[in-house]
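K.L.:
Listed below, chain by chain, are the residues.
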Amino acid sequence: MKKTIDARGLSCPQPVILAKQAIEENERVVVIVDNVGAVENVRRLGSTMGREVTIDKKGEETFHIHLSGGPATNDSPGKTPDTPAEKQSNRHGSSYVVAIPSDTMGSGNDELGAILIKSFIHTLLQLERLPGKIIFYNTGVKLTAEGSDVIDDLKQMEELGVTILVCGTCTNFFEITDRVATGTISNMFEIAETMSQAERLVTP
Amino acid sequence: MTSARNYYVVLFHSVTHAIKAEKVLKEAGVAAKAIPVPRHISSDCGVCLRCVGSQKEKIEQTLFEKVDFSRIAHL
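Line order of the protein sequences matches chains A and B.
Everything in the first sequence is counted per the numbering used here, starting at 1 for the first residue and increasing by one.
Everything in the second sequence is counted per the numbering used here, starting at 1 for the first residue and increasing by one.
Just to be clear, a hint being listed does not mean it is correct.
Sample of chain B residues facing chain A (criterion: CB under 8 Å; computed from the structure) [as the list claims (entries may be wrong)]:
#1 V15
#2 I19
#3 A28
#4 K33
#5 I35
#6 P36
#7 V47
Keeping only pairs whose Cα atoms sit at most 30 Å apart, straight-line, the calculated DSS-like set for lysine-lysine is [as the list claims (entries may be wrong)]:
#8 B:K58 x A:K155
#9 B:K66 x A:K155
#10 B:K23 x A:K155
#11 A:K58 x B:K23
#12 A:K155 x B:K26
#13 B:K58 x A:K142
#14 B:K20 x A:K57
If you're looking for bench data, these hints aren't it; they were derived computationally from the structure.
Beta carbons are placed, not taken as given, at the ideal position from N, Cα and C, and that holds for glycine.
So here's chain A without its partners, still in its complex pose:
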């Protein structure tokens, strides 16, 4: 059975939530969205859930995302299978998550806070246990954009298997989406899910 979801005009993360529900219940799903961010988010959701994904660009603001291959019969409904990437352990197998809500660390003095957050990220890289994921939101997303002093640290962590999620609503707000130089543009659904499933959530 094929199900079509028209998610045009819906704001993030609504298309992802609708897509997830449809994918769980149907073997073939077509999701129609109107922006590249939503295409990317739904595509990633599909591959995380083990579906085959093809994208068909119908126009400037119309994309059809075809997802097929599910639902897997031996999986309990609603359960997202773990991707190898999620199970894969990086440096000494850790799964704590770091949330970075600001481009400063602590409050009181922003000049000091800016130095502290850079030191914090640089130091993460030297820890015996790397985080499994790092989530950037609000002004924190500025740390992932071109010109940030911690790009090199973040890229090295990515190479070591750390997943870097960058809030797309936030990069859009600050108008830096096209300057994000590391990590993956993500959505609130994935961010909330990652936080809620984290073994431990660390916030500097």
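Following the hints, position chain B against chain A.
P.N.:
Using the frame of chain A, we list chain B on its own:
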């Protein structure tokens, strides 16, 4: 960490000096990265500026008479 690279760290008397030096160097277009002082150099909870060997002299010149630093150490 690319340990093969020839890194130096500029050490300061205070964090305020380090922040000021970072700003001065950035304005002058000299590449330096603020990092916590490595534990084997000092156990102080401080911030220093890391640079590659080729930038060492330029940093000394740029900071001269603008920002006081205590010393430059090999990383």
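K.L.:
Are the hints correct? Go through all of them and say.
P.N.:
Comparing the hints with the structure gives:
no.	hint	verdict
1	V15	7 Å, holds
2	I19	6 Å, holds
3	A28	16 Å, violated
4	K33	6 Å, holds
5	I35	5 Å, holds
6	P36	4 Å, holds
7	V47	5 Å, holds
8	B:K58 x A:K155	27 Å, holds
9	B:K66 x A:K155	33 Å, violated
10	B:K23 x A:K155	24 Å, holds
11	A:K58 x B:K23	48 Å, violated
12	A:K155 x B:K26	22 Å, holds
13	B:K58 x A:K142	29 Å, holds
14	B:K20 x A:K57	50 Å, violated
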